[in-house]
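Given the sequences, and given the hints that come with them, work out the whole structure.
Read off the chains here:
Number of protein chains: 2
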Amino acid sequence: MIKTVELVDGAARMIDQTRLPTEKVFVDCRTIEEVGHAIKTMIIRGAPAIGVAAAMGVSLGADAISAEDFDGFYSQLEKKCDELAQSRPTAVNLAWGIDRMKRVARAGKDLSLPALKKRLREEAQTICDEDIAANRAMGSFGQTLIADGNNVLTHCNAGALATAGFGTALGVIRAAVNAGKKINVLANETRPFLQGARLTVWELMEDNIPVKLITDSMAGYFMQKKQVDVVVVGADRIAANGDVANKIGTYMVSVLAKTHNIPFYVAAPISTLDLSLASGEEIPIEERSADEVTIINNKRMAPEGAVVAHPAFDVTPNHLVTAIITNKGIALPPFTESLKKLAGESANP
Amino acid sequence: MIKTVELVDGAARMIDQTRLPTEKVFVDCRTIEEVGHAIKTMIIRGAPAIGVAAAMGVSLGADAISAEDFDGFYSQLEKKCDELAQSRPTAVNLAWGIDRMKRVARAGKDLSLPALKKRLREEAQTICDEDIAANRAMGSFGQTLIADGNNVLTHCNAGALATAGFGTALGVIRAAVNAGKKINVLANETRPFLQGARLTVWELMEDNIPVKLITDSMAGYFMQKKQVDVVVVGADRIAANGDVANKIGTYMVSVLAKTHNIPFYVAAPISTLDLSLASGEEIPIEERSADEVTIINNKRMAPEGAVVAHPAFDVTPNHLVTAIITNKGIALPPFTESLKKLAGESANP
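Top to bottom, those sequences are chains A and B.
For the first sequence, my numbering assigns the number 316 to the initial residue and increments by one for each residue that follows.
For the second sequence, my numbering assigns the number 316 to the initial residue and increments by one for each residue that follows.
Take the hints with a grain of salt, since some may be wrong.
Copies of the same chain look alike in the list, so a pair counts if it fits in one copy or across any two.
[Stated by the list, open to error] Listed below are the simulated EDC-like cross-link pairs for lysine to aspartate or glutamate, each with C-alpha atoms no more than 16 Å apart in a straight line: (1) LYS614 to GLU338; (2) LYS318 to ASP522; (3) LYS355 to GLU398; (4) LYS417 to ASP386; (5) LYS540 to GLU602; (6) LYS433 to ASP378.
None of these hints come from the bench; they were simulated from the model.
The model shown is predicted, which means the values in this text are computed figures rather than measured ones.
And the structure:
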């Protein structure tokens, strides 16, 4: 499997996800600013992958700093980090990755600058490795919820491409397949960015996991026809009460699942929890450019001057979530207790 | 306003709806076969517009027939009609328009062939005129359900372009605006064919009715935010019990509306009723080409070889429908009684 992101030769190397599946192009980000740009333009996307890329970005940012002492170094680093943190607002993993790197920097304040930079490089690599391990753990827990022969619907791409590898929602599906279960996936295309059509279908086909592509508007149709047994999606941020911010359209899927008595599972690492927020109402929802809705493949589909809305995420309230699959185990309602317990000390903040 | 379809100079002239809004190109169909092709390829679409175009097609088909007597004429006409009836399966208006023309032909069996052909031409024009009148009547009835200041969500295009003029769902909105009400429209883009983005937004902008374009996946988000007061959609076929076949995604909208306690109205002329079908389960659902999902503006979005589903319609069960607005009045549940009463003798069959 192609690596989503890796630290090589002084660069964070990413597969350009805006050009998949027709073109496989890698982008080398050599500065923290270039990493920020890659996150903003969705060359790399997916909450966990953004967290990993951000950590690598902080390491690259640190490498570029010349300073007399730790305080000089750290004040420059903090400034760069603040800017990187602005690249996308909804996924909490961005802040999580940056904060963890800043903590490591502060803990290493007595090291020489070269040693500290090396320490930060190692930490970025650790975060990357831990993400894959977390996804495999999530898969082990989550696959117990998926039965042999199940038709699993997913939205957006919560796969290997949304993480350092293996995936969250698709990691659960992969683990079920690895456990010998026959799984059929229904992939919502996920307008406007088409992460489902472009990324989910591509990575499942690479793994020979049967997948059928549908438009987002067909999810209800296939549930009504009893062709969906379970829904598994990822998350960009989960509040303390279990409200889940995820790609726009996830809320719609959760309502449809509830109406059809279909379990609705969310798969996300502990780093996606934001226990500082009591509920999803506090999660900032990114508004992206109208052009992403109106222009497809360089052709304008809507009339010039059309008024367009583009909230990139929505919030699924906890009462529509059957369970949250994490790398520490499965959280069941009431989530305020179960998430807190699973998170222990490792969650945000 | 541009005419959707009109009978001129021995042709059914249509605006090519596959090329709107960027190009305004007219297509002259000079034979019944060309009309069938235009319906199949969605140069013209929308149940009422298909009914009108079909009637014009039958007239063109009749014009081309050479025969010794009525029986020879009618057997040729019937064959052409059977073929035309195959062009799209879901909208009942197609069969309705054809059957009405055949009835008129049979009623004129004692006319000379030139007089009969003239009679059929006149009937096609009458069907076209009646459609506009029906939409205006529907608008008058329907606008009473829309309050000043309402945010109205619609799916697909049930507008002037889906009819001979004025529109069904958009006709209700137009009538509300004409009655002095301030209305804001939310238009679902309606994947895969994007009738919302391309057609609904265009025709509302032409009429200066405020409209905001959203992806289908955002409908739930805006309902959750209390930015939708009422839903109005069109229909391709309505069964005797009030089950409604309409563009894929309509069912999803109806479930979301129910969940958010938002009225869900269907606007359709009596010609869209098919009282021969007890329920929506009997309505044939068209499966269209996978390419319409995977290829946008000549660029493939999903990987080569991806498995794709493309049901072009879905069925909204009657319990999710608040009321059905027709040109004869508003039908309320239970629909089996109310529709039968409104339809009187004019419905299918």
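Within a copy, between copies, both or neither: where do LYS355 and GLU398 come within 16 Å Cα-Cα? within (12 Å within a copy, 53 Å between copies)
Checking LYS614 and GLU338: alpha-carbon separation at most 16 Å within a copy, between copies, both or neither? Result: close only across copies, 12 Å inter versus 19 Å intra.
Identical-chain pair category, LYS318 with ASP522, by Cα at 16 Å: within (14 Å within a copy, 51 Å between copies)
Reference check for the pair LYS417 and ASP386, CA-CA at most 16 Å: within, between, both, or neither? within (13 Å within a copy, 89 Å between copies)
State whether the alpha carbon distance between LYS540 and GLU602 is at most 16 Å within one copy, between copies, both, or neither. between (34 Å within a copy, 15 Å between copies)
Is it within, between, both or neither when you check LYS433 against ASP378 at 16 Å Cα-Cα? within (9 Å within a copy, 85 Å between copies)
The structure agrees with every numbered hint stated previously.
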